[in-house]
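Chains as they are written, first to last, in our numbering: chain D, 1 to 351; chain R, 1 to 351; chain S, 1 to 613; chain F, 1 to 613.
A hint or two may mislead.
Here are the simulated lysine-lysine pairs, DSS-like style, with alpha carbons at most 27 Å apart [claimed, not checked]: (1) Lys-160/D with Lys-192/D; (2) Lys-446/S with Lys-484/S; (3) Lys-170/F with Lys-160/F; (4) Lys-160/D with Lys-479/S; (5) Lys-160/F with Lys-200/F; (6) Lys-409/S with Lys-479/S; (7) Lys-261/F with Lys-146/R; (8) Lys-261/S with Lys-146/D; (9) Lys-192/R with Lys-263/R; (10) Lys-170/F with Lys-200/F; (11) Lys-484/S with Lys-409/S; (12) Lys-146/D with Lys-446/S; (13) Lys-170/F with Lys-146/R; (14) Lys-200/S with Lys-170/S; (15) Lys-263/D with Lys-192/D; (16) Lys-160/R with Lys-261/F; (17) Lys-170/S with Lys-160/S; (18) Lys-446/F with Lys-479/F; (19) Lys-160/R with Lys-170/F; (20) Lys-160/D with Lys-261/S; (21) Lys-160/R with Lys-146/R; (22) Lys-261/F with Lys-200/F; (23) Lys-146/D with Lys-160/D; (24) Lys-160/F with Lys-261/F.
Covered stretches of chain S (in silico footprint by chain R; criterion: 3 or more residues with CB under 8 Å from a CB of chain R, positions within the stretch not fixed) [unchecked claim]: (25) 205-216; (26) 227-239; (27) 252-258; (28) 430-441; (29) 446-456.
Bear in mind the hints are in silico, worked out from the structure with no lab data behind them.
Small disclaimer: the values here were computed from a predicted structure and weren't measured.
Note that beta-carbon positions come from the ideal geometry of N, C-alpha and C, so glycine has one too.
Residues per chain are reported as follows:
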Amino acid sequence: MSFIAPNFRHPEQGANGLGLRRSDYEGALSTLCAGCGHDSVSAAIVQACFEMDVEPHRVGKFSGIGCSSKTPNYFLNHSHGFNSVHGRMPSVATGAILGNRDLLYIGISGDGDTASIGMGQFIHAARRNLDMLYLVENNGCYGLTKGQDSATADLGSVSKTGVATELYGLDLCALALQSGASLVGRSFSGDKSQLVQLLKTAIAHRGFAFLDVISPCVTFNNTPASTKSYDYAREHIDVAGALDFVPHQSAIEIDYAEGEVQKVHLHDGSELLLEKVGKDAGALDDKTAALAAMNRAQDAGRMLTGLLYLDTELPDLHTVNRTVATPLNQLGQDELFPGLDALEQINAEQS
Amino acid sequence: MSFIAPNFRHPEQGANGLGLRRSDYEGALSTLCAGCGHDSVSAAIVQACFEMDVEPHRVGKFSGIGCSSKTPNYFLNHSHGFNSVHGRMPSVATGAILGNRDLLYIGISGDGDTASIGMGQFIHAARRNLDMLYLVENNGCYGLTKGQDSATADLGSVSKTGVATELYGLDLCALALQSGASLVGRSFSGDKSQLVQLLKTAIAHRGFAFLDVISPCVTFNNTPASTKSYDYAREHIDVAGALDFVPHQSAIEIDYAEGEVQKVHLHDGSELLLEKVGKDAGALDDKTAALAAMNRAQDAGRMLTGLLYLDTELPDLHTVNRTVATPLNQLGQDELFPGLDALEQINAEQS
Amino acid sequence: MTAPLSAVNEFVVCIANVNGTGSASANALFAKAVFAGGVPVAPKNIFPSNIQGLPTWFEVRISEAGHLGRRGDIDIMVGVNAQSLEADYAQVRPGGYFLYDSTKQLPQHFAREDITHYGVPLTALSADHFSDMRQRQLLSNTVYVGALAALFGMDLDRIKGQLARQFAGKERLIDANALALDLGHDYVRQHYGSDSCGLKIRELEPASERILMTGNSALGLGAVYAGATVMAWYPITPSTSVAEAFEAYCRRLRRTEDGEKRYAVIQAEDELAALGMVIGANWNGARGFTATSGPGISLMNEFFGLAYFAEVPAVVVNVQRAGPSTGMPTRTQQSDVLLSAYASHGDTKHPLLFPSDPAECFTAMADAFDLADRAQTPVLVMVDLDLGMNEYLSAPLAWPEGRSYDRGKVLDADALENLSERYGRYLDVDGDGIAWRTWPGSHPDKGAFFTRGTSRDRYAAYTERSEAYSDNMERLLRKWETIKTLVPEATLEHGDGEAEIGLICYGTSLLSTLEAVRGFDVPIDVLRLRAFPFSPNVGEFIARHRTVMLIEQNRDAQMRTLLVNELEIAPGLIHPVLHYDGMPIPANTIAEQMQRILRRTGIQVLDKEDVAA
Amino acid sequence: MTAPLSAVNEFVVCIANVNGTGSASANALFAKAVFAGGVPVAPKNIFPSNIQGLPTWFEVRISEAGHLGRRGDIDIMVGVNAQSLEADYAQVRPGGYFLYDSTKQLPQHFAREDITHYGVPLTALSADHFSDMRQRQLLSNTVYVGALAALFGMDLDRIKGQLARQFAGKERLIDANALALDLGHDYVRQHYGSDSCGLKIRELEPASERILMTGNSALGLGAVYAGATVMAWYPITPSTSVAEAFEAYCRRLRRTEDGEKRYAVIQAEDELAALGMVIGANWNGARGFTATSGPGISLMNEFFGLAYFAEVPAVVVNVQRAGPSTGMPTRTQQSDVLLSAYASHGDTKHPLLFPSDPAECFTAMADAFDLADRAQTPVLVMVDLDLGMNEYLSAPLAWPEGRSYDRGKVLDADALENLSERYGRYLDVDGDGIAWRTWPGSHPDKGAFFTRGTSRDRYAAYTERSEAYSDNMERLLRKWETIKTLVPEATLEHGDGEAEIGLICYGTSLLSTLEAVRGFDVPIDVLRLRAFPFSPNVGEFIARHRTVMLIEQNRDAQMRTLLVNELEIAPGLIHPVLHYDGMPIPANTIAEQMQRILRRTGIQVLDKEDVAA
Ligand SMILES: Cc1ncc(C[n+]2csc(CCOP(=O)(O)OP(=O)(O)O)c2C)c(N)n1
Ligand SMILES: Cc1ncc(C[n+]2csc(CCOP(=O)(O)OP(=O)(O)O)c2C)c(N)n1
Ligand code: SF4
Ligand code: SF4
Ligand SMILES: [Mg+2]
Ligand SMILES: [Mg+2]
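Pulled out of the complex, with its shape left as it was, chain D reads as follows:
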């Protein structure tokens, strides 16, 4: 998928810039079904973090409940993880982010976890532009409770139950966008290279980076008539425009024809190169155009993948809050305790 060859060199064979190997980014053995899309997503996260020189222990991993929500246990073993309760991952992540602004936060959720019980928290996390990667492993069903339709199941899609979905399927990208997320992308667990590029972009971005990843459930929703099956995804994907993520360490000199490629600077100094597709492709931060493109694709029965929206200017929650640079959890009594004089003063005011 990458249209520019990566020119990033590893310091030593098999190790990244931190001298860590890929295995340092792995997690516990997966207990998911063989062939589950979620395992591919975990692998892509391992890959992206490894290539981005992410310090594994400087990551906080979050999830709700579901097969997808189990996956944070299956990558980054040296990170702390928090498998919380169903649908409430966003709030737990919010608190953690408030408590320490210096870690990289990765939240993994499922379509059941996010689009049903977690809808409110999802929308509000987007609205606050929390500085995190929020990834939904979207299989259109409730895997862990044995295959019920989720709210992202498309109208007419048929899972293993054999009954066609009769309700409107929610588009999480559109909802995230409409709620204030500053980065919105969609991918497919079977398209690792695109997914890794999107993950790197999301990691480099400061703000709420939402990725909706079609991740088939082989056990309950990989039927011929399912719109979340491997086959269907492979056949119905439209790519919004290839992208290449260029980490800030690497000096780049690239040849590209003016106007064909859009260049975006990310907060950590990285650069993003985007191929422009079609003549009606709007600017990356044109919300109206992005929504229109998504809805048009949906109407045409297609799935639009790639980076769909990016606004690097939108302040994240800490910026809005004007939080001090030192993480709040690092402040000790010296910095936090207002002193006995102040207390005496306050007592005097109340008497």
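With the hints as your guide, set chains R, S and F with the ligands onto chain D.
Showing chains R, S and F with the ligands alone in chain D's frame:
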């Protein structure tokens, strides 16, 4: 606002087609602040129900908690009402609608009640295309708890607290549309004639009719720098196109230039006449165009009011469910009890 | 050397497998076939909280004597899961048997001398006869059923008959499975003869008609019979199959000729919404219910308070699992008792029903709807994973001739028309604490009222007057007294009520309790609670017995808290017998704790096994 | 004819007004001025659950003797609300006084002969002197303060001094209010002289330093001093002002020179999210808390279970209001005790702290954070609307010199570096049931673990093994034993501990209990609970007293349930004294119920008023 003079005649002076007077549609004395927008909305509901010949006792009124949610007590005294818990009105209404498909259901909520604690239920009620009118009295703040910002408070808007809102304000119309609502409209409590027309349309419609009504809170959010104040609303409204609701009882013969007016048939036999505004106005059921129009208006700091979207084809929940015509609550033991033979048969199957 | 176990119709089989391999239908086939031969069985499915690849066990207790609680040890193990093989092997009782897949050789150290080994090449036999990969895996499970049949001397035709029922209409499957049965059966006969195993199954003429059914199926069907028309739910183990059963039975029993539904089942967006929908439906006069488990009950607290205070009927099935938090979703417990009884902030109490088997589950739904309608309050039907998801032996489901729905105090259009006094929604006209309600849309100008969770006067008008508030709260207490007269009585399950020792239990602890009791040679009475609040005979039972023990499956003795609190009983009078490791309570756990308590209270008894030893 | 009441520094004033008319600042001015003169006051604001136009009362108890609970009747009423005038008028004690706005004439039937009437043309006086409409309304309230000052013989300069403090920096407001004070004062002097009213306020030299502050302000400030950095909340009466106070004090005390914040306050989307955020912050090593009321606690049940089971610290302030459901949002109660103690499905228990006044509220926050960190569990600080939203007389807020934050068992980077054994998140290395935690990001390759609400082994690895599950649940019980040693002890508030009669109370029932006790002429001991679980002296107290009564503000005697359940006490030994109408508990309610109980238990006592009568 009506561009066609109503030709509906009352059978007797001051009474409607049912022989009821306007006072038969009123409720208890309001305890809201003098000048509160919500009281105007109640008055508009009274007006619409009166003019539509709604049988007052065939209405179910629902709400959550808040000043807005108190209002079902202030209209239609002969209807049963249910003032439930904060943010959960949609689910209570869903159950009631399932239990009796024959009543008219009106749900009133606030922007706090819907856009924060109630976001999940709101989106899912829209997604199910529940046959109800769902109206948010949107004042950008939490009136009853003394004026905190709500999630619909616009970025930069300043309430009585004096602090400008620092987060992205949610657009409930856009979210309803993106979630599957079949009717979406916006109005202003100060524009009674538009509001009454929208209410009538919503009442005649079968499916989820969402109305976002800017309804200023005179006590906490009617400041000069508030985008939900009376003055601001009056100065920043764009009308999406005038509409005229023609009840099914009245035979109409209207002159209008072809192409200027769009005619829509509603489920109860009523007709809707819509003036088309601007050359880029899409069809009423073009979701992409409707979203684009809303987002463009918002970007321009304007508020787009009127009927923004209508899809009369989308099946409501009962249609999807294939529920019998007789309301479920009318079925007695005769219809519901499967009989002792069937039980014996089932016992035999388990042995 | 230990002598090989020998028993007829009294032993425990365990099949240790991997989940996601389709063993469920083979396992069920075995248990149902035993049952079809008239022999009482209690199958228990012990499965992991994941979909594929982790250990799962299917434990079948076979007991002509009717001991159908969990015994806690294994007479014969079918070990086909490499991951757990070591532990499974170790678990076999001395003298017991171990059947394994001999397609690969068993590791050297599997060399217990106190048990008998049966190697059967399950995989190889299946591979030799079936070509489709998935079918091979599935049918290797059926092969061990055939092998077991040979060991236990079961009638193969009986099993094939069961097969035909199980796969009715799927001839290809029936044939393939029949072949697999033969393969296992014949292999064992050829290699081990027909008398090598001391465990035997002998068909019986059953004394009375019995069924084998899961509690959840019975609950779902019970709701259909009870006239429920609205079911709103959110998937959660172990309650999901209540919704599935309700929907499946409705599809069969509640559709018009042209397929229209006399019901609505909604998968809600979460448990809060599910209970909200149930409240809305009942408010509107339709019987609505939901089914959930612990996490859902936690989320429903606010709505429970609303339904209590606004007096809206609601039925909630709580299929309990091991808590707290996500806990162990596929393990059983009785640990939501306290929360369910007092759910919500403020002063609240909710009636609970505790069925013990499928027949009672079926009836409990009718009782719950009647009680909810009559008392205008939420009612919880409390079961657990063990009863909910396992096939339980039970009397057939029964509906008493002529039993009709009690919709409680509802004023319909006619009654409203004839009403001479002013209608007051919260007016206690009958003195039982229960006022008359009306359903929306009934009458043009009488009976409408505004329901709310805030304080109101007797005419449903909003008020913050202290007296109106207290008046209402006190009426709710009067209603609670009325409810005591409406719930099912506790039942004496053993003894004549005159013993010195009294045991109290409820729900799925019954069978193991009865089994434990039979091991003691002193008179013991067993009382089974069937509802909260408690019927008067509960307090009497406690007062009449010198030593009272309460058996329950949670850590904190939650039912004991309810007893003490509601009956004003000194806690010291009730000795807790607790089990909370997530497995169904075994009889020997109860017996051991009973021994300890009796010793502590100075009562000297020996249990029969001690006597025998 | 009844003689006019006459009292110095011992009476109750009530101002009956309409809400939304800005009376709050005038009312506060009066109460604060009395207090500034050294006289103990207890103001109580009784307001409706709406914003404008409904009746509201401001009741001020003035008591040199320090009786600062609610007395329950009124000596002098200021009646300026037409809606409630009739009832307000009726409420004045025989011999009492009634001050009204004589701009309009009082209706004919306001003609009680047993009280003294003062007509003061509040509206007219204000209208004559102020032009702005809104100001006229506001200042007519200040006029009655001036009038009261004249009746009670208060020093007007004292009030004006208070005025200057209250409106510091707003000179125009000060001048206008001073004028309004004079208008009321002068009118009364001219028309009624200075001796017409028998109720007088005489300034005192206060024995000790005291402050007047709301509990919520003290809680908010307490959190600042306790080092809280994250506050997540959702608006709900009566807890909102905890968040407001925390934020306001942080803005003042916790910003860098260039305005950056050493804190974050987030208005969450609901209470579930609020507690989720608090859990996330604490998990990450930042002290985080939330404040809510009953409905919020109900919604938080699932998260309480998670925090309990995953062992994440969290502090939750519960400002209780009248339940259940929405109940009476602006009325007080102690009715979330049971739910708070056992919140969540499954077996769970949470420590509760019960401060009784602002100084204790302040300290309770430090205690709560220390306890939460040390015990790695959620801790609730339980107050109620009465203490939370009313100005309470209190000792000054105090922070013991040298008290430092106890962050509990946390392994930092160095400790991890030096760790020789394998780190186990749930390993009970110290035998107190509390294991060591680590904060994310501390060390490159040691100490990371996966937090979950599902069963895991001592090394935090997922497991469904029964033994690992039980092992963990039993360790949590050991931890609970440790917690008992960490919570504040119950305190003896009256008596020498040797009486036959023992009263137990907690929170805001203390003052009225002490006042009720003083009316009896037998020895009575009063014990005040300050925490759940209970300190050992609670059980001892109950054992040592022949008659024990428990005073609480709920219908179902919820604390009694906790006592009985946790201390294994026979319920019959604890007589409930209950009050639950939403108003603060008055002393006479307690005294009456005490009388009844004593009579029932055969103890003959007369209370002092009976003696006097
Ligand atoms: C409060 C609560 N309700 C229900 C459940 C049961 N539950 C576990 S996982 C799950 C759905 C998971 O679906 P999804 O998020 O799509 O994950 P997937 O398994 O498909 O990856 C549900 C409903 C729960 N754990 N908690
Ligand atoms: C569970 C719960 N949380 C909080 C509250 C407190 N509360 C009452 S009304 C309200 C907000 C109302 O805002 P909105 O819906 O916008 O109505 P408005 O008063 O502005 O019309 C809140 C938070 C509550 N009643 N229940
Ligand atoms: S059930 Fe579906 S989602 Fe779950 S692990 Fe298996 S394939 Fe993946
Ligand atoms: S506070 Fe605001 S929303 Fe509430 S009644 Fe007053 S004006 Fe209306
Ligand atoms: Mg899913
Ligand atoms: Mg509002």
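Residue count check for the region 430-441 of chain S against chain R: does it reach three with CB-CB under 8 Å? Contact hint for the region 430-441 of chain S vs chain R: holds, 4 residues under 8 Å.
Agreement of Lys-261/F and Lys-200/F with the hint, judged by alpha carbon distance not exceeding 27 Å: 49 Å, violated
Take the C-alpha atoms of Lys-261/F and Lys-146/R, compute the straight-line distance between them, and say whether it is at most 27 Å. The hint holds at about 25 Å.
Holds or violated: Lys-146/D and Lys-160/D, Cα atoms, limit 27 Å. With Cα atoms ~10 Å apart, Lys-146/D and Lys-160/D stay inside 27 Å; holds.
Hinted pair Lys-192/R and Lys-263/R, Cα distance within 27 Å: Holds. Lys-192/R to Lys-263/R sits at ~23 Å (cutoff 27 Å).
For the pair we were handed, Lys-261/S and Lys-146/D, check the Cα-Cα distance against 27 Å. 25 Å, holds
If you draw a straight line from the CA of Lys-160/R to the CA of Lys-261/F, is it 27 Å or shorter? 23 Å, holds
Would the hint linking Lys-160/D and Lys-261/S be met if the CA-CA limit is 27 Å? At roughly 23 Å apart (the allowed maximum being 27 Å), Lys-261/S and Lys-160/D satisfy the hint.
Under a C-beta cut-off of less than 8 Å, do 3 or more residues of the region 446-456 of chain S approach chain R closely enough to confirm the stated coverage? holds (count 7)
Take the C-alpha atoms of Lys-263/D and Lys-192/D, compute the straight-line distance between them, and say whether it is at most 27 Å. 23 Å, holds
Holds or violated: are the alpha carbons of Lys-200/S and Lys-170/S at most 27 Å from each other? The hint is violated at about 31 Å.
Between the alpha carbons of Lys-170/F and Lys-160/F, is the straight-line distance 27 Å or under? Measuring from Cα to Cα gives roughly 14 Å; hence the hint holds.
In terms of the numbered hints stated before, the structure departs from hints 2, 4, 10, 12, 14, 22 and 24, listed from lowest to highest.
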